[in-house]
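Engineer: Listed here are the chains, written in short residue letters.
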Amino acid sequence: MNGGGPADAERDEAELLRRIAQGSQRAMAEFYQRHGQVVLAQILLVAGERPLSEEILQDTMLAVWRGAGSFRGESRVRSWVIAIGRRKARDRMRGRRLRVVDDAYLAGRPSPDPGPEVMALERAEVAEVATAIRALKPAHREVLGLAFGAGLSLPEVAELLEIPLGTVKSRLTGARAALGQVLNERGTTR
Amino acid sequence: MNTGSPHLTLENLLAEANGETMDDLARAHLASCPLCSAEARRWGVVAAGVRHLVTATPVSSWRPDHTVEARRRNGLWPAPRRRALAVAAAACALAAAGTTYGLAAVSSGSGTNAGGHAVTVAAGLAAVNGCSDLRATLGTLEQVKGTSLVIRSRFGGQLVTVTTSASTAIRQVETGSLSDITDGAHVLVSGTSSGGGIAAQRVSVGNSTEQPVPAQPPSGGLPGGTMQIPVTGGTVADAHTGGFTVVTTDGTRIPVTTSAATSVFVPASVTVNQLRAGELTVAVGTSGPGGTLAAKTVEQGVMPASGPGTQLQFPVNPHSGISGPATHGCSVSAIATAALMAAS
Numbered sequence: 147m148n149g150g151g152p153a154d155a156e157r158d159e160a161e162l163l164r165r166i167a168q169g170s171q172r173a174m175a176e177f178y179q180r181h182g183q184v185v186l187a188q189i190l191l192v193a194g195e196r197p198l199s200e201e202i203l204q205d206t207m208l209a210v211w212r213g214a215g216s217f218r219g220e221s222r223v224r225s226w227v228i229a230i231g232r233r234k235a236r237d238r239m240r241g242r243r244l245r246v247v248d249d250a251y252l253a254g255r256p257s258p259d260p261g262p263e264v265m266a267l268e269r270a271e272v273a274e275v276a277t278a279i280r281a282l283k284p285a286h287r288e289v290l291g292l293a294f295g296a297g298l299s300l301p302e303v304a305e306l307l308e309i310p311l312g313t314v315k316s317r318l319t320g321a322r323a324a325l326g327q328v329l330n331e332r333g334t335t336r
Numbered sequence: 280m281n282t283g284s285p286h287l288t289l290e291n292l293l294a295e296a297n298g299e300t301m302d303d304l305a306r307a308h309l310a311s312c313p314l315c316s317a318e319a320r321r322w323g324v325v326a327a328g329v330r331h332l333v334t335a336t337p338v339s340s341w342r343p344d345h346t347v348e349a350r351r352r353n354g355l356w357p358a359p360r361r362r363a364l365a366v367a368a369a370a371c372a373l374a375a376a377g378t379t380y381g382l383a384a385v386s387s388g389s390g391t392n393a394g395g396h397a398v399t400v401a402a403g404l405a406a407v408n409g410c411s412d413l414r415a416t417l418g419t420l421e422q423v424k425g426t427s428l429v430i431r432s433r434f435g436g437q438l439v440t441v442t443t444s445a446s447t448a449i450r451q452v453e454t455g456s457l458s459d460i461t462d463g464a465h466v467l468v469s470g471t472s473s474g475g476g477i478a479a480q481r482v483s484v485g486n487s488t489e490q491p492v493p494a495q496p497p498s499g500g501l502p503g504g505t506m507q508i509p510v511t512g513g514t515v516a517d518a519h520t521g522g523f524t525v526v527t528t529d530g531t532r533i534p535v536t537t538s539a540a541t542s543v544f545v546p547a548s549v550t551v552n553q554l555r556a557g558e559l560t561v562a563v564g565t566s567g568p569g570g571t572l573a574a575k576t577v578e579q580g581v582m583p584a585s586g587p588g589t590q591l592q593f594p595v596n597p598h599s600g601i602s603g604p605a606t607h608g609c610s611v612s613a614i615a616t617a618a619l620m621a622a623s
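Note that the protein sequences, when read in sequence, are chains A and B. Take the first sequence: its letters are residues 147 to 336, numbered as in this note's numbering. Take the second sequence: its letters are residues 280 to 623, numbered as in this note's numbering.
Each hint should be verified, as a subset may be incorrect.
Listed next, the stretches of chain A that the computed footprint assigns to chain B, with coverage defined by at least 3 CB atoms under 8 Å from CB atoms of chain B [to be verified]:
| hint | segment |
| --- | --- |
| 1 | 168 to 180 |
| 2 | 186 to 192 |
| 3 | 267 to 273 |
| 4 | 280 to 294 |
| 5 | 312 to 324 |
These are computed hints drawn from the structure, not numbers from a lab. Glycine included, each C-beta is placed from N, C-alpha and C at the ideal position.
One chain only, chain A, in its complex shape (with noise of 0.2 Å):
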């Protein structure tokens, strides 16, 4: 997968959180406009619920809103806001009792052989393997999210989720795998 968009593209956000900065109400709408979308998908990934995530989405804008001089060009823009969207999510869910799931169980059993899992995968709809992604963990749901939804490389997965690399790709590999099980359990329309 390759890394950042172009650059101008990238200067182009950057230039636009520098007018948000400054307060420009007509940046954050575009802002908004560019971001709002992927970055609430990828908040409903892992809170799992409409409302909580769209309160999730606002507080996050309005992060940006506050915070965007703070941004230092370090990342891409659209890692950077989901980085925050990620800490918003964490926090409003702090209370929920999050169950922490260790990666040896996320990452499932991968098998070289294509069984019925794999089979399931090639045979499913598009419709049916976006409902089957619901029904992953939120790990999974996440890693698949950030690197198939927001189109972060795999190096920025990593580093949004604080974890080696090597783990993002057993976790997208795991994923993967649950969603061939759900995709198998539930059968396929093909």
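Fit chain B to the known structure of chain A by using the hints.
Structural biologist: Relative to chain A, chain B alone:
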């Protein structure tokens, strides 16, 4: 390629799934390796499922007020910050009832003002109906030159030089929250009629030390037509969740309802150097030499309405103009704020 294996790395496979470019070697391998091709296809299915989730996630507009309210409901929001509110809106409560003001926009020319007096206005400026001495311009701030501003006026697109002095009040609009609307605060409200009151779309809140300057009774016409600014104002009473009452200077009580769709704004004092080029800016003052405007007040910012409803219309045709409600008089800050409300 994976240096320890004849097959593609996970990075390569995810790049393929995300539609990103791979190097030629990896692409050639993918084309010839059925195992890698199958893996890339499976990751592609996963990627498509995630993207489907993203695109199927409708996102509402940014609602800072909603956030504040949500936090307050959950007990997560600290006591509202009490800012020093340098506010334009206060003057709205000070004007004599039964009078009107307005901005009559003209490219240049003359006419008769609301008091029946001859009015001459320079290009890019507007006369203020009921306030014979006042002129105004509204448009995009192009440049700040020392203490002067260059505004590209919406009244015909001309560049207007606006001079400021130490006595010029300069403000920028900040987003506030419903908690800023408290008893005794001065407000300007725009919205839609609702059950004898107003369903507020925008509320500008704050205090002003500006003295009341009654407008002259309307009569006669200005150069060009006029259009009502659906903005009213006064002092807040009976503030409660879901609304408040505006008490105008003549004692009229107007019930106002607020909702999650109500946007609240608080103009805050800034220096001339803090004004931002490219932003919507309004200046109200008196005619200066050479077609300039000697500003008494400058306000900058947009006041978007969050929810559905009637959008205010600000004329861009130089031969039309706007007239305000009876509550404002010739208070320049109220005129400026109301103009920003109408133009946003």
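Engineer: Could you run down the list of hints and mark each one as holding or not?
Structural biologist: Comparing the hints with the structure gives:
1. Counting residues of the segment 168 to 180 of chain A whose CB lies closer than 8 Å to any CB of chain B gives 8, so the stated coverage by that chain holds, three being the minimum.
2. Here the segment 186 to 192 of chain A counts 4 residues with a CB under 8 Å from a CB of chain B, which clears the bar of 3, and the coverage holds.
3. For the segment 267 to 273 of chain A, the stated coverage by chain B is satisfied: 5 residues place a CB nearer than 8 Å to a CB of that chain, which reaches the threshold of 3.
4. Here's how the segment 280 to 294 of chain A fares: 5 of its residues keep a CB closer than 8 Å to some CB of chain B, so the rule of at least three is met and the hint holds.
5. Remark: the segment 312 to 324 of chain A is confirmed as covered by chain B, as 5 of its residues place a Cβ nearer than 8 Å to a Cβ of that chain, reaching the required three.
Checked against the numbered hints above, the structure violates none of them.
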